[in-house]
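**Student:** Using the sequences and the hints given, assemble the complete structure.
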Amino acid sequence: MHTESQERDDVLLRRSAKGDEEAFTVLYRRHQAPLYRFALRMSGNVWAAEEIVQDVFMTLVREPRKFDPKRGALRSFLYGITRNRVLKHLERTPREFLHEELKEDSVGQPSMAFDAMTPAEWAEIRERREQVRAAVLRLPAEFREVMVLCGLEELSYEEAARLLDCPVGTIRSRLHRGRALLLAKLEMLRDTPKRAGASR
Amino acid sequence: MTCEEFELTGLDLETLQEDDPVHSAAREHLRSCPRCAALHENWQTLRADLHAVGAETQDVVTPARVEMRLRQEFRTRHKTVKAQRAAIYAGWTLAAAAVVVAAISWVNWRHTNGVGTTPSAVNSAQGVNMNKTVPAGPELGETIVASNDAGEFTLLPGSLPGMLGDATVVRVQMQRGALGALGLTVNEERAADLIQVDLLVGDDGQPQALRLAQTTN
Numbered sequence: 126m127h128t129e130s131q132e133r134d135d136v137l138l139r140r141s142a143k144g145d146e147e148a149f150t151v152l153y154r155r156h157q158a159p160l161y162r163f164a165l166r167m168s169g170n171v172w173a174a175e176e177i178v179q180d181v182f183m184t185l186v187r188e189p190r191k192f193d194p195k196r197g198a199l200r201s202f203l204y205g206i207t208r209n210r211v212l213k214h215l216e217r218t219p220r221e222f223l224h225e226e227l228k229e230d231s232v233g234q235p236s237m238a239f240d241a242m243t244p245a246e247w248a249e250i251r252e253r254r255e256q257v258r259a260a261v262l263r264l265p266a267e268f269r270e271v272m273v274l275c276g277l278e279e280l281s282y283e284e285a286a287r288l289l290d291c292p293v294g295t296i297r298s299r300l301h302r303g304r305a306l307l308l309a310k311l312e313m314l315r316d317t318p319k320r321a322g323a324s325r
Numbered sequence: 291m292t293c294e295e296f297e298l299t300g301l302d303l304e305t306l307q308e309d310d311p312v313h314s315a316a317r318e319h320l321r322s323c324p325r326c327a328a329l330h331e332n333w334q335t336l337r338a339d340l341h342a343v344g345a346e347t348q349d350v351v352t353p354a355r356v357e358m359r360l361r362q363e364f365r366t367r368h369k370t371v372k373a374q375r376a377a378i379y380a381g382w383t384l385a386a387a388a389v390v391v392a393a394i395s396w397v398n399w400r401h402t403n404g405v406g407t408t409p410s411a412v413n414s415a416q417g418v419n420m421n422k423t424v425p426a427g428p429e430l431g432e433t434i435v436a437s438n439d440a441g442e443f444t445l446l447p448g449s450l451p452g453m454l455g456d457a458t459v460v461r462v463q464m465q466r467g468a469l470g471a472l473g474l475t476v477n478e479e480r481a482a483d484l485i486q487v488d489l490l491v492g493d494d495g496q497p498q499a500l501r502l503a504q505t506t507n
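Residue numbers (the working numbering), protein chains in the order written: chain A, 126 to 325; chain B, 291 to 507.
Where hints are given, some of them may not hold.
Partial selection, computed: residues in chain B whose CB lies under 8 angstroms from chain A [unchecked claim]:
{"#": "1", "residue": "L301"}
{"#": "2", "residue": "G344"}
{"#": "3", "residue": "T347"}
{"#": "4", "residue": "L360"}
{"#": "5", "residue": "R361"}
These aren't lab readings, by the way, just hints derived from the structure by calculation. Cβ atoms here follow ideal geometry from the backbone N, Cα and C, with glycine treated the same way.
**Tutor:** Spelled out as structure tokens, the structure:
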């Protein structure tokens, strides 16, 4: 199944390189969503994510021969480019601007469970998730990408290793370190309002 | 299982198989270590939050304008590439046509030039002893081919007899005085006379020997 999909990607890319717009559109629609999600969760910025995805596919339009099917799937190739662009973006962006809130229209609608909650509960959950999102965005890039892929995208360690082109052991250790950092950051974030309240 | 090992492998207890030895060891450790139990609980809460945060952005897609921009770029690029290719093909076609025209012109020129080539050059190229004789009326300085039957040639100064093997006999009409240029003694009083001379021209195109054929004046 995977091989079939890969072959199809190859065929589509070859057709696209010859000027077949339909083939390019199919490729784009097939791969854009996970790449956009990855870029969005890594950067926390919808504009940056949009720019990055556009840049990735622009590379595919301009230099389709950069992809070598012998070296892996097109998906991994595209993730690799996305990752590089994200890291460049993060290098350029000062840390304090990293956590630009994801606008309501950029995230999914609240689940049905929210309907059964009181406004206070709903607000508390929203706040907690906001803290989680902020804490993830404050992780160093190498831990953040593993946390995004395994924690948010819920990929297996093997899949994450394939996409990041590193051994599974590296994913495990980064995830372990990332978790510890994330827990510490959340602890800090949750304590800050309490401390602020106590000092008043 | 130590706390360190638990942090590395036991936090994802729920994802481990029941019959996995790590699972039972982690469960055991969880019961005996309150620190790791708290850590595990925190992680489970965080995991649920991460899942919820992930689910919130699970359905996001790139805005449609990106696809439009990419398709526009795709079209522009491939149109440009096609135009470039057409220009390259046209260029090569023109270049090939120019080469063909040049080649044809050159062949024609060679052919035309070949008709006007002096017999001596032709003979020399063929490297044979010619037996053709052009009859009467040679112009001044014109080169004609003479018969090679007599063999009464006089070697010009500096020529060696051994060099006459494949020499060509050429008849020319010239002023007697011109023989001086070949290193021969000339009677000054008759220097202006026109004479016909058979020249034995060597492979190098230089006259090696001569004989007087007839005097026209």
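**Student:** For the restraint on G344/B, tell me whether the closest CB of chain A is nearer than 8 angstroms.
**Tutor:** 4 angstroms, holds
**Student:** Measuring from the C-beta of L360/B to each C-beta in chain A, is the shortest one below 8 angstroms?
**Tutor:** 5 angstroms, holds
**Student:** Next item in the hint list is L301/B. Is there a CB on chain A closer than 8 angstroms to its CB?
**Tutor:** At 7 angstroms from the nearest chain A Cβ, L301/B passes the 8 angstroms test, so the hint holds.
**Student:** Less than 8 angstroms between beta-carbons is the criterion; does R361/B satisfy it with respect to chain A?
**Tutor:** With Cβ-Cβ at 6 angstroms, under 8 angstroms, it holds.
**Student:** Quick check on T347/B please, does its C-beta sit within 8 angstroms of some C-beta on chain A?
**Tutor:** Status holds, d = 5 angstroms.
Comparing the model with each earlier hint shows no violations; every hint is respected.
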